[in-house]
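Chemist: Using the hints, position chain X against chain F.
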Amino acid sequence: MGRARTALGLAAILAVTACAQLNPSAPPRLDKTGASVQGVYAVTPENVASVRERAQETVNNTRTAAGLAPVTLDAALVAAADDQSRAMAEQDRAWNFGADGSSPLDRARRAGFEGQILGELVSETYENEVQTIATWMGTAAQRAVLLDPAARRIGLGVYREPSNKLWWTLTVAN
Amino acid sequence: MTQSMTRRGLFGVATAGIATLAAPALLRAQEVTAIPPSAANRHNTASFRSQRWQDHFQTLRKGAILCDLESRVLHYWSEDESTYLVYPSSVPMSEELTRRGYTEVVLKRHSPTWIPTPDMRARDPDLPKSIGPGPDNPLGTRALNLSWQYYRIHGIDLVEKIGRPASNGCVGIYNENIERLFDLVEIGTQVRLL
Numbered sequence: 001m002g003r004a005r006t007a008l009g010l011a012a013i014l015a016v017t018a019c020a021q022l023n024p025s026a027p028p029r030l031d032k033t034g035a036s037v038q039g040v041y042a043v044t045p046e047n048v049a050s051v052r053e054r055a056q057e058t059v060n061n062t063r064t065a066a067g068l069a070p071v072t073l074d075a076a077l078v079a080a081a082d083d084q085s086r087a088m089a090e091q092d093r094a095w096n097f098g099a100d101g102s103s104p105l106d107r108a109r110r111a112g113f114e115g116q117i118l119g120e121l122v123s124e125t126y127e128n129e130v131q132t133i134a135t136w137m138g139t140a141a142q143r144a145v146l147l148d149p150a151a152r153r154i155g156l157g158v159y160r161e162p163s164n165k166l167w168w169t170l171t172v173a174n
Numbered sequence: 001m002t003q004s005m006t007r008r009g010l011f012g013v014a015t016a017g018i019a020t021l022a023a024p025a026l027l028r029a030q031e032v033t034a035i036p037p038s039a040a041n042r043h044n045t046a047s048f049r050s051q052r053w054q055d056h057f058q059t060l061r062k063g064a065i066l067c068d069l070e071s072r073v074l075h076y077w078s079e080d081e082s083t084y085l086v087y088p089s090s091v092p093m094s095e096e097l098t099r100r101g102y103t104e105v106v107l108k109r110h111s112p113t114w115i116p117t118p119d120m121r122a123r124d125p126d127l128p129k130s131i132g133p134g135p136d137n138p139l140g141t142r143a144l145n146l147s148w149q150y151y152r153i154h155g156i157d158l159v160e161k162i163g164r165p166a167s168n169g170c171v172g173i174y175n176e177n178i179e180r181l182f183d184l185v186e187i188g189t190q191v192r193l194l
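Quick mapping for you: the protein sequence lines, in order, are chains F and X. For the first sequence, the tail end lands on 174 under our numbering, and the numbers increase by one without skipping. For the second sequence, the tail end lands on 194 under our numbering, and the numbers increase by one without skipping.
Just chain X, same shape as in the assembly:
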């Protein structure tokens, strides 16, 4: 038993090394699944991994949201565990724009107004000053502000963004899903970006 455990452990180390060589993080983040397979691009793959809240949170006090940026999936568990939601999400466009770790919901915004961050404006000076509620709003119909400045979990203007690296750091989900999540979360709901 001990021997088999050791072997398994070592195998994990070996394969982790190979993975780093085969798929640098930056390339993985920029992978776009819309390109059909061809001679140059032999396959489009994706993966989903189930999650247990116990692996990420001490308790479910005020509920918990886990954003799995690798699977491009948002998980939500309610405090009493009676509700478990699994929603596909958009993820940040690049490693540079990706922030991981623990945060929490600090503000719930119904029909939010979108205002580009200073970084977004620096990258694209032509951005409008703001976009009010409506179908063109990049935040969709609801936004959950996190304790990290400018980071949000929100709805979406273009459904094509879901499941793809399309954001400046935020996590977007379908409007119908953010509307359901919005009603379930409270100020202080725990959030982990993985």
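Just chain F, with the same shape it has in the complex:
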């Protein structure tokens, strides 16, 4: 009983947040020639702060539904995650290592983060942050990182290519 309720609760939260994303109030985006870009999600320097907040809310809704403590955005982790998003674009590869072989632990330390890194999720996609979090929730190993009971701080990084392809990084720490 309890099990079915919790699973349904999570599905409902993901559905609600996803719906909100499918009805953007912003005007249609235009490409270089002035043509409307349909169905492409753009992250810009102007909206990236609210993108990070929405990601944090989505993570917290998901964690709360599972009976877990919420997380806050950490500035050093955000910087480290942004670095990895850019590094993935440069390597043209969705993975957790830098071109110099650096691990998520190395990058967090370099950015001045002093806590313990619990895990990191990445995605190469055109999906927005809410869809991306739902995608991560669909794989057991990735869900375990998002739902780590010890998690208290996160960094959400994103790099947008000219084609609007997005490289997402979510670093999870205690």
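Derived by calculation from the structure, the hints in this document are not laboratory data. Each hint should be verified, as a subset may be incorrect.
Here are the simulated SDA-like cross-link-like pairs (lysine to any residue), alpha carbons at most 20 Å apart as the crow flies [to be verified]:
1) F/K165 x X/T45
2) X/K129 x X/N168
3) X/K161 x F/R93
4) X/K129 x X/Y150
5) X/K161 x F/Q91
6) X/K161 x F/K165
7) F/K165 x X/R42
8) X/K108 x X/D124
9) X/K161 x F/G98
10) X/K108 x X/R42
11) X/K161 x F/S102
12) X/K108 x X/W148
13) F/K165 x F/D82
14) X/K161 x F/A42
Across the chosen pairs, the derived CB separations fall in these ranges [to be verified]:
15) X/E79 x F/A99: 27 to 33 Å
16) F/E53 x X/D136: 31 to 37 Å
17) F/T64 x X/D80: 48 to 54 Å
18) F/G101 x X/R100: 22 to 28 Å
19) X/I187 x F/D92: 38 to 44 Å
20) F/D92 x X/N168: 25 to 31 Å
Remember, it's a predicted structure, so these values are computed and weren't measured experimentally. Virtual Cβ for every residue (Gly too), placed ideally from N, Cα, C.
Modeler: Using the frame of chain F, we list chain X on its own:
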């Protein structure tokens, strides 16, 4: 408190069930990250999970290597815990070729010669009899033989294999990384393939 713990436990059971339906182990193992997202393939994802040696080993006697085949990462802790290394690795190409469990380093080989196993030769009769030290050697510059016959932790000939399902059961890491690891491990260093 008890109630919240129970809820968490049940949630874990429920989600584990969903995961089995959504992503069979075999498909996950064959996932190739080199394909860009498209209409048919909406995203390429990957994940890294930190590890604590205490969750896998009783002690750090002679040091310990944990090969996380899911994250495609090799972890190494030295006996005195002063060194902790995290290296990306290649992993076996399929579930069939994957062996998990506890083993240990039984032989350290500098500039190893590669000899295909009988199974490899059966799958591809055109394989050379052996490949000596050099850039084309699939074992790279160093190899650590494990107590399981034919299973090794070794260097690499093609860097593209790192982070991808590319081996016949072994775990490959960059040559510069295996050279550092080679100097740290000893005969009897504990190994777990997870």
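Chemist: All the hints need checking, so say for each whether the structure fits it.
Modeler: Status of each hint after checking the structure:
1. F/K165 x X/T45: Holds. F/K165 to X/T45 sits at ~14 Å (cutoff 20 Å).
2. X/K129 x X/N168: holds (17 Å)
3. X/K161 x F/R93: holds (13 Å)
4. X/K129 x X/Y150: Answer holds: X/K129 to X/Y150 is near 15 Å, not above 20 Å.
5. X/K161 x F/Q91: This hinted pair holds, its Cα atoms lying about 14 Å apart.
6. X/K161 x F/K165: violated (25 Å)
7. F/K165 x X/R42: It holds: about 11 Å lies between the C-alpha atoms, which stays within 20 Å.
8. X/K108 x X/D124: With Cα atoms ~27 Å apart, X/K108 and X/D124 exceed 20 Å; violated.
9. X/K161 x F/G98: Distance ~15 Å between X/K161 and F/G98 Cα, so the pair holds.
10. X/K108 x X/R42: violated (43 Å)
11. X/K161 x F/S102: holds (17 Å)
12. X/K108 x X/W148: holds (14 Å)
13. F/K165 x F/D82: Distance ~15 Å between F/K165 and F/D82 Cα, so the pair holds.
14. X/K161 x F/A42: violated (32 Å)
15. X/E79 x F/A99: 27 to 33 Å: Cβ of X/E79 to Cβ of F/A99: about 32 Å, so the range 27 to 33 Å holds.
16. F/E53 x X/D136: 31 to 37 Å: violated (51 Å)
17. F/T64 x X/D80: 48 to 54 Å: violated (41 Å)
18. F/G101 x X/R100: 22 to 28 Å: With a Cβ separation near 25 Å, F/G101 and X/R100 satisfy 22 to 28 Å, so the hint holds.
19. X/I187 x F/D92: 38 to 44 Å: holds (40 Å)
20. F/D92 x X/N168: 25 to 31 Å: Once the Cβ atoms are compared, 27 Å apart, the range 25 to 31 Å for X/N168 and F/D92 holds.
Violation of the numbered hints given earlier is confined to hints 6, 8, 10, 14, 16, 17; the remaining hints are satisfied by the structure.
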